[in-house]
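Novice: From first to last, the protein sequence lines are chains A and B.
Here the first sequence stands for residues 1 to 332, numbered as in our numbering.
Here the second sequence stands for residues 1 to 192, numbered as in our numbering.
Simulated from the structure, these hints should not be mistaken for lab results.
Hints are not guaranteed to be accurate.
Claimed, not checked - Label pairs and their computed distance ranges (CB to CB): (1) B:H47 to A:L267: 25 to 33 Å; (2) A:W54 to B:H47: 24 to 32 Å; (3) A:V247 to B:S44: 28 to 36 Å; (4) B:T63 to A:E117: 43 to 51 Å; (5) A:R192 to B:A45: 43 to 51 Å; (6) B:D81 to A:A116: 30 to 38 Å; (7) A:L267 to B:N83: 43 to 51 Å; (8) B:N83 to A:F23: 47 to 55 Å; (9) A:V151 to B:S110: 52 to 60 Å.
Claimed, not checked - Residues from chain A shown here face chain B by an in silico Cβ test under 7 Å; the list is partial: (10) G53; (11) R56; (12) V60; (13) R65; (14) A107; (15) E117; (16) E168; (17) L170; (18) V215; (19) Y219; (20) A220; (21) S223.
Cβ coordinates follow ideal geometry from the N, Cα and C atoms, glycine included.
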Amino acid sequence: MILRNVLLPGIVLPAVTTALVLFALRGRSAPRIGTAGLALAAGFLSGFVAISGWPRWPPVEATQRLFFLVALIGLLSWPVARHRVRWSDLAFEIAAVVLLLPMILWALLGHSWALAESFLWLGTLFVVCLAISRALGTAVEDGGARPLPIVVRWTLLGTIAAVLGLSESLRLALLSLALASAVAVIDLLTRRGIVTWRRSDALAAATVISGLLLVGYFYAALSAPVAALLVVALGLTTLSDSRSIVVRLSPLLPALLALGLALATFLRPGDDPYDYYSKTSVPLTSGPAAGSRVPFEAQPQMSGHPEAQRGKTAAVAPYNTRAIKMTAVKPR
Amino acid sequence: MTFHRTARTLSVLALLLLAPAAMAATYTIDPVHSSALFKAKHFSASHVYGAFWDVSGTLTYDTADEASSKIEIVITAASLDTNNERRDGHIQSPDFLDAKQFPEIRFTSSAVEPLGDGEYAITGELTLHGVTREITATAVKVGQAAHPRSGKQLIGFETRFTFNRSDFDMEFMIGPLSDEIEIILSFEAGAA
Chain A
1 MILRNVLLPG
11 IVLPAVTTAL
21 VLFALRGRSA
31 PRIGTAGLAL
41 AAGFLSGFVA
51 ISGWPRWPPV
61 EATQRLFFLV
71 ALIGLLSWPV
81 ARHRVRWSDL
91 AFEIAAVVLL
101 LPMILWALLG
111 HSWALAESFL
121 WLGTLFVVCL
131 AISRALGTAV
141 EDGGARPLPI
151 VVRWTLLGTI
161 AAVLGLSESL
171 RLALLSLALA
181 SAVAVIDLLT
191 RRGIVTWRRS
201 DALAAATVIS
211 GLLLVGYFYA
221 ALSAPVAALL
231 VVALGLTTLS
241 DSRSIVVRLS
251 PLLPALLALG
261 LALATFLRPG
271 DDPYDYYSKT
281 SVPLTSGPAA
291 GSRVPFEAQP
301 QMSGHPEAQR
311 GKTAAVAPYN
321 TRAIKMTAVK
331 PR
Chain B
1 MTFHRTARTL
11 SVLALLLLAP
21 AAMAATYTID
31 PVHSSALFKA
41 KHFSASHVYG
51 AFWDVSGTLT
61 YDTADEASSK
71 IEIVITAASL
81 DTNNERRDGH
91 IQSPDFLDAK
101 QFPEIRFTSS
111 AVEPLGDGEY
121 AITGELTLHG
131 VTREITATAV
141 KVGQAAHPRS
151 GKQLIGFETR
161 FTFNRSDFDM
171 EFMIGPLSDE
181 IEIILSFEAG
191 AA
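Generate coordinates for the entire structure from the input sequences, incorporating the hints supplied.
Specialist: Rendered as structure tokens:
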């Protein structure tokens with residue numbers, strides 16, 4: 001099941017697709033400029049289809065709109081990288097963020113949010129998403145094929161996938177894994193000189209990361225502190241060109257903190273209705289054997305329990321009988 | 001004479017127009033006495049049940065012309081309950097219902113066909129996960145009575161139908177969780 005549901009769609013298919021596109025577009029002598037972005041988008045999109053199926057047109061859901069935006073960015077990254085003019089990269093990034101935000105937040109803009117709140121969110125998130133885009137572009141351009149920036153990048157992407165998985169959405173985690181797989185293939189091939197990173201190539205990755213984090217925060221259970229730590233970690237990748245190893249490894253600290261926080265939240269004791277029984281410290285003196293079935297209303301101390309108040313009379317089994325006084329109940 | 005004839009014609013027309021309307025009554029679905037249950041297969045080994053507790057809507061029921069009846073049902077996706085908080089959160093996440101993006105599940109009827117013996121084939125549009133599709137379900141009239149205290153007319157219906165969640169763009173984890181979902185919807189409505 002892990003092979004079919006996780007490894008194949010999340011890792012193998014994106015990696016193979018990315019490599020095939022890169023090899024199909026590679027130049028004879030020098031690495032082709034601008035192919036990395038297209039290959040990365042193709043790899044991610046193939047993983048998307050394997051994980052979530054073909055998106056509907058017109059798209060109805062945030063990740064479906066992200067699919068089409070990434071496809072557009074992938075197609076445009078090639079001419080933008082090849083015909084580089086001043087400020088073209090920045091303009092490309094601004095355009096991508098301007099399109100991304102309403103596409104992801106469509107369900108909230110004008111529905112759950114008032115006008116002022118919408119502008120506040122859009123303004124703030126525009127700055128955040130643009131910062132992520134600029135940082136990742138700088139990281140791939142300056143860091144290039146060097147091992148340490150690559151390791152930091154892979155760790156960061158893997159952490160994002162893990163955090164999204166811990167935020168009640170395995171689908172977002174797999175989509176993030178698909179991106180990480182595509183990025184890993186490009187990084188490996190840049191070290192062999194088959195392809196080079198350009199700033200515009202990283203925009204597809206930045207768009208996917210920003211989009212998935214936005215979906216995770218607004219529509220899944222990604223918490224604000226964890227999201228903030230991941231944004232800080234992504235922002236610190238801009239220091240990948242520093243001479244200090246500590247500075248170059250600095251993105252890992254907030255990333256691992258985010259992972260720890262997400263894990264702690266995930267592993268907290270849940271709102272298990274049966275937890276109520278273990279909290280009662282009165283020892284069992286008599287009553288039915290452990291594991292037998294007893295209705296709620298037969299237990300005097302359960303009258304205030306939310307389950308009883310909701311009229312749920314379904315029997316509870318099995319439960320921890322050691323902590324409950326059952327004197328009023330006769331075994332059946 | 002012409003005036004009297006005209007007045008008589010208008011009166012007859014008014015009676016013909018008003019008479020059917022007097023037979024059609026509008027009912028409001030009572031969330032407290034309504035339930036929407038769903039069933040899915042888990043790893044092809046067992047059935048897992050859950051419920052939506054917030055069911056609301058309106059019913060226009062015409063006893064003289066049942067085929068002209070209309071119903072609209074709205075279910076709040078966040079009211080999902082499978083008796084497990086973590087599972088509830090997962091089903092409401094972008095992996096399945098995406099309840100924050102699509103907070104309502106809505107059914108609006110377009111045609112009602114009486115089948116006899118209190119059964120009706122109801123055709124309408126089901127909007128789920130942002131996708132709208134036409135479905136037809138057979139509903140049974142459970143009963144009709146006056147509330148003993150308020151005297152308000154109560155009416156109840158129940159229906160069962162199945163759909164494939166992939167038809168509504170919920171294609172994640174098909175296999176571990178079945179594509180086919182069965183719905184059991186029972187509601188009580190009181191005269192407005």
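Novice: List, from low to high, the hint numbers that the structure doesn't satisfy.
Specialist: 3, 7, 13, 15, 21
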